[in-house]
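Novice: Once you have looked at the hints, place chain D on chain Z.
Listed in order, the protein sequences are those of chains Z and D.
Following the numbering used here, the numbering of the first sequence begins with 1 at its first residue and continues without gaps.
Following the numbering used here, the numbering of the second sequence begins with 1 at its first residue and continues without gaps.
The hints are simulated quantities; they were obtained by calculation from the structure and are not laboratory data.
Everything numeric in this text was worked out from a predicted model, so none of it was measured.
One copy or two, it doesn't matter: identical chains are merged, so the pair holds either way.
Pairs of lysine-lysine residues, derived as PhoX-like cross-links and limited to a Cα-Cα distance of at most 20 Å, are as follows: (1) K8 <-> K207; (2) K226 <-> K117; (3) K117 <-> K353; (4) K427 <-> K160; (5) K236 <-> K207; (6) K128 <-> K91; (7) K47 <-> K17; (8) K353 <-> K339.
Number of protein chains: 2
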Amino acid sequence: MMKTLKEKELEPFFNPKSVCVAGASKSGWKLGNVVISNMLRFGYGGKIFPLHPDGGELMGFRAYPSSLEIDENVDLAIAVIPRDTVPSFVKECGEAGIRNIVVCAAGFSDCGAVGAKLESEILRSARKYGIRILGPNSVGTINTHGKFATSLLTLDVLEKGNVSIAAQTGLFQAGYERMFASLENPGISKVISLGNKADIDEIDALKYFENDSTTHVIGIYTEGVKDGRHFINVAKRISRRKPLVVLKGGRSSAGASSAFGHTGSLSGPQEIFSGALKQVSIIPANSINELIWGIKALSLCPPARGQGVGVVSITGAGCVLSADCLTEAGLCIPELSLKTLERIERITPSYFKVSNPADIWAAVETGGIGEAFRIFLDAFASQDNIDILIAITTLVPESTFEAEEVFGELKSSCQNKPLIATVLGAKPEEYWQWSKPLERIGIPVYDSIEGAVYAAKSLSLAGNPIREKRESPAYVKTEG
Amino acid sequence: MMKTLKEKELEPFFNPKSVCVAGASKSGWKLGNVVISNMLRFGYGGKIFPLHPDGGELMGFRAYPSSLEIDENVDLAIAVIPRDTVPSFVKECGEAGIRNIVVCAAGFSDCGAVGAKLESEILRSARKYGIRILGPNSVGTINTHGKFATSLLTLDVLEKGNVSIAAQTGLFQAGYERMFASLENPGISKVISLGNKADIDEIDALKYFENDSTTHVIGIYTEGVKDGRHFINVAKRISRRKPLVVLKGGRSSAGASSAFGHTGSLSGPQEIFSGALKQVSIIPANSINELIWGIKALSLCPPARGQGVGVVSITGAGCVLSADCLTEAGLCIPELSLKTLERIERITPSYFKVSNPADIWAAVETGGIGEAFRIFLDAFASQDNIDILIAITTLVPESTFEAEEVFGELKSSCQNKPLIATVLGAKPEEYWQWSKPLERIGIPVYDSIEGAVYAAKSLSLAGNPIREKRESPAYVKTEG
Numbered sequence: 001m002m003k004t005l006k007e008k009e010l011e012p013f014f015n016p017k018s019v020c021v022a023g024a025s026k027s028g029w030k031l032g033n034v035v036i037s038n039m040l041r042f043g044y045g046g047k048i049f050p051l052h053p054d055g056g057e058l059m060g061f062r063a064y065p066s067s068l069e070i071d072e073n074v075d076l077a078i079a080v081i082p083r084d085t086v087p088s089f090v091k092e093c094g095e096a097g098i099r100n101i102v103v104c105a106a107g108f109s110d111c112g113a114v115g116a117k118l119e120s121e122i123l124r125s126a127r128k129y130g131i132r133i134l135g136p137n138s139v140g141t142i143n144t145h146g147k148f149a150t151s152l153l154t155l156d157v158l159e160k161g162n163v164s165i166a167a168q169t170g171l172f173q174a175g176y177e178r179m180f181a182s183l184e185n186p187g188i189s190k191v192i193s194l195g196n197k198a199d200i201d202e203i204d205a206l207k208y209f210e211n212d213s214t215t216h217v218i219g220i221y222t223e224g225v226k227d228g229r230h231f232i233n234v235a236k237r238i239s240r241r242k243p244l245v246v247l248k249g250g251r252s253s254a255g256a257s258s259a260f261g262h263t264g265s266l267s268g269p270q271e272i273f274s275g276a277l278k279q280v281s282i283i284p285a286n287s288i289n290e291l292i293w294g295i296k297a298l299s300l301c302p303p304a305r306g307q308g309v310g311v312v313s314i315t316g317a318g319c320v321l322s323a324d325c326l327t328e329a330g331l332c333i334p335e336l337s338l339k340t341l342e343r344i345e346r347i348t349p350s351y352f353k354v355s356n357p358a359d360i361w362a363a364v365e366t367g368g369i370g371e372a373f374r375i376f377l378d379a380f381a382s383q384d385n386i387d388i389l390i391a392i393t394t395l396v397p398e399s400t401f402e403a404e405e406v407f408g409e410l411k412s413s414c415q416n417k418p419l420i421a422t423v424l425g426a427k428p429e430e431y432w433q434w435s436k437p438l439e440r441i442g443i444p445v446y447d448s449i450e451g452a453v454y455a456a457k458s459l460s461l462a463g464n465p466i467r468e469k470r471e472s473p474a475y476v477k478t479e480g
Numbered sequence: 001m002m003k004t005l006k007e008k009e010l011e012p013f014f015n016p017k018s019v020c021v022a023g024a025s026k027s028g029w030k031l032g033n034v035v036i037s038n039m040l041r042f043g044y045g046g047k048i049f050p051l052h053p054d055g056g057e058l059m060g061f062r063a064y065p066s067s068l069e070i071d072e073n074v075d076l077a078i079a080v081i082p083r084d085t086v087p088s089f090v091k092e093c094g095e096a097g098i099r100n101i102v103v104c105a106a107g108f109s110d111c112g113a114v115g116a117k118l119e120s121e122i123l124r125s126a127r128k129y130g131i132r133i134l135g136p137n138s139v140g141t142i143n144t145h146g147k148f149a150t151s152l153l154t155l156d157v158l159e160k161g162n163v164s165i166a167a168q169t170g171l172f173q174a175g176y177e178r179m180f181a182s183l184e185n186p187g188i189s190k191v192i193s194l195g196n197k198a199d200i201d202e203i204d205a206l207k208y209f210e211n212d213s214t215t216h217v218i219g220i221y222t223e224g225v226k227d228g229r230h231f232i233n234v235a236k237r238i239s240r241r242k243p244l245v246v247l248k249g250g251r252s253s254a255g256a257s258s259a260f261g262h263t264g265s266l267s268g269p270q271e272i273f274s275g276a277l278k279q280v281s282i283i284p285a286n287s288i289n290e291l292i293w294g295i296k297a298l299s300l301c302p303p304a305r306g307q308g309v310g311v312v313s314i315t316g317a318g319c320v321l322s323a324d325c326l327t328e329a330g331l332c333i334p335e336l337s338l339k340t341l342e343r344i345e346r347i348t349p350s351y352f353k354v355s356n357p358a359d360i361w362a363a364v365e366t367g368g369i370g371e372a373f374r375i376f377l378d379a380f381a382s383q384d385n386i387d388i389l390i391a392i393t394t395l396v397p398e399s400t401f402e403a404e405e406v407f408g409e410l411k412s413s414c415q416n417k418p419l420i421a422t423v424l425g426a427k428p429e430e431y432w433q434w435s436k437p438l439e440r441i442g443i444p445v446y447d448s449i450e451g452a453v454y455a456a457k458s459l460s461l462a463g464n465p466i467r468e469k470r471e472s473p474a475y476v477k478t479e480g
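Okay, chain Z solo, but in the shape it has when bound (with noise of 0.2 Å):
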């Protein structure tokens, strides 16, 4: 089955100049009136059609019967009705020109054959009109650049953001999305949810994300692609210029029984994928957390150079554990050159053996947390094969220092060396107030040894095309 995508074929489904929804109550509250007011929420300019079979009017908006009864253009309707009932409104809008649908119901092809049955029946009407589908068991996209959002379930309001994610869950419009919101990183740009991809999948996605300017990194959740050697490829060419974080759900084998269950997705043998995604400058991630933790450090900090990296600790376990972390992350620890060790030493007592992971507490006696933390990654950062910087406190009134200023100087001084915050324990507000002002002037922060080191892999592995595109003359000539 080939399918041609033109360039934006997607954009109905993100930024739609009218929509209309079919599944809102006017007595009560349904899924259809939460994703009227997740637009409502979000300023969606356009126009909302909502369907009710009364008409009359829903939500301060005129209801109509059916999209057949719409006498203006719609350009994406959002199907928030029970399962058996979306075969007959796909050939309704179809019959209507509308071109775009999101399907939400669940209980299709993941869903056993009578489910398969329906979800082919919605395809067979959508080729014949020249409809794409989104899902179904979708639940719909978000794009704060265009102030829309479809989502089941309540959304916060998210500031703009250059991440954009495409998932085979509904995950990120609903807890995480309120997260972002409430942290504000990682600053996405748009977001869809692919559901069982009877039709738009991941590929169409990339392809999208590839010409949207707003988007600069991409995150991916899938439970197996269809056509793996055309995603590779696409994954590959676009990786070249954006970097793209993938988890890939099922690895296990109870886990890929479980995602045919969820999505109908057949994962596929993981070694294969997980092999391809290597040749490829993709970035594998193993959770959640990893994936949310990568998109947050390509979203705030440049690419790295290489995959030296140098720490700087208030606390000696975390020297230790980052360095135990960073080996098992395949990164490199460079030794600290004579001239690295000159500039440190005015600050350190003479009888103090400093190397990388540097512990500091020594120079914070000398001079204070904060001198300490300046002149230690001042003369990290100046080290050549030192390519990224992590810098790791605890939260104690003790460990006070201008955070802001010294890693905001390091910061401007040395744009191309990625610098990442690290909190080993804190109380939780204490933590977002010290983070988020931090985040604001590029510097992601995290609450995890674990979270910075995948950031710093996440950051050098997005680097390789750059630096293979330096080091290979063949590949700059291809590109002329």
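Specialist: Coordinates of chain D only, in the frame set by chain Z:
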């Protein structure tokens, strides 16, 4: 070097009747003042004798120029003084009849030959006078039941709990302590910071915790034990009664080298250590997060009877990813019995196939989220080979249900099967509002699948000694 530690030898470090503190200021605010302020904040009821060259008054207490001038018994001295003044301070304490000292300064065996020599010097004096040394490079102890805390870092008051931690880091008496205080869990009984372990080490701490009635669960962070065989033997004995989670820093060669600089520890080959852990029922942690996840679950739940895990999730991705993660953790995901399926049947549409992990969306449409969780979890709990339950949700208004009631009822009706709750995505403040009441009734809550699965693994491993005991008459005989 043989050490014979009497059962309650560490008692003065946790429950001193009187303490003297060296290193507090009368006019300014030094770390010695922090130590005294922590004691006061915790409600310490014993006597406090600050030391100060000028005598007079300090923070409302009479200050003494020297410990020799205190004419009352002093159970514990806390030395918050520069490295080079420690040896003479230890001698002075010896002459004054003080037999227990916390040495806070670093720069000893963690810091080259001169430091190592100083440490030997201290140790020699200590042996001469029969003094026990905690440190050097220690921030001291916490004892919530005894209302005592010596940390150099400002602590928040902790409620009384049942977990005790021995660590070669002060982090659990710094930011993590404040985190535990804010989140209420894991509930802490005692913490001891071991530092360089010149004298008191993990084995001493373990023996003390073994006989401490308020310690039910033990967490260890070590950068390498000096007498591995002794440690394993003691750990083996204790882990039969009190679950023991161990995080070993310095697993990699870079980490081991960093550990030597942090606490002067020789890590030893990781394979030998982790191999030995497997033989006894120690629960290995690979990160601070795993250590915290584990001790929280163990402090709230009974050990599990086996390794069968049932997962009930509001999100399909939660099913897929938990199946992957459980498989990778070596836990079992039992298939559902016909009896279990029959119990679930009545709230699931006929076309919907239920398996383990179970996605409850279809049942939610029929009976509401609370009812779906209730029926699924009840049915799963009644299946014999399911030993642990994991419930997964996301926090949006549409996913709200009476979690405390539904989960609480299950917990009461099925006390030998731990229930673990997991939230995939939430606004942080909503997460704490949701999780705290559940943890108060003994249901540990995690914000990641990795956290929940590690908790399940910990509970399953903690059940091993019980199962062995049940299954092996020989073992029982030996004990009798």
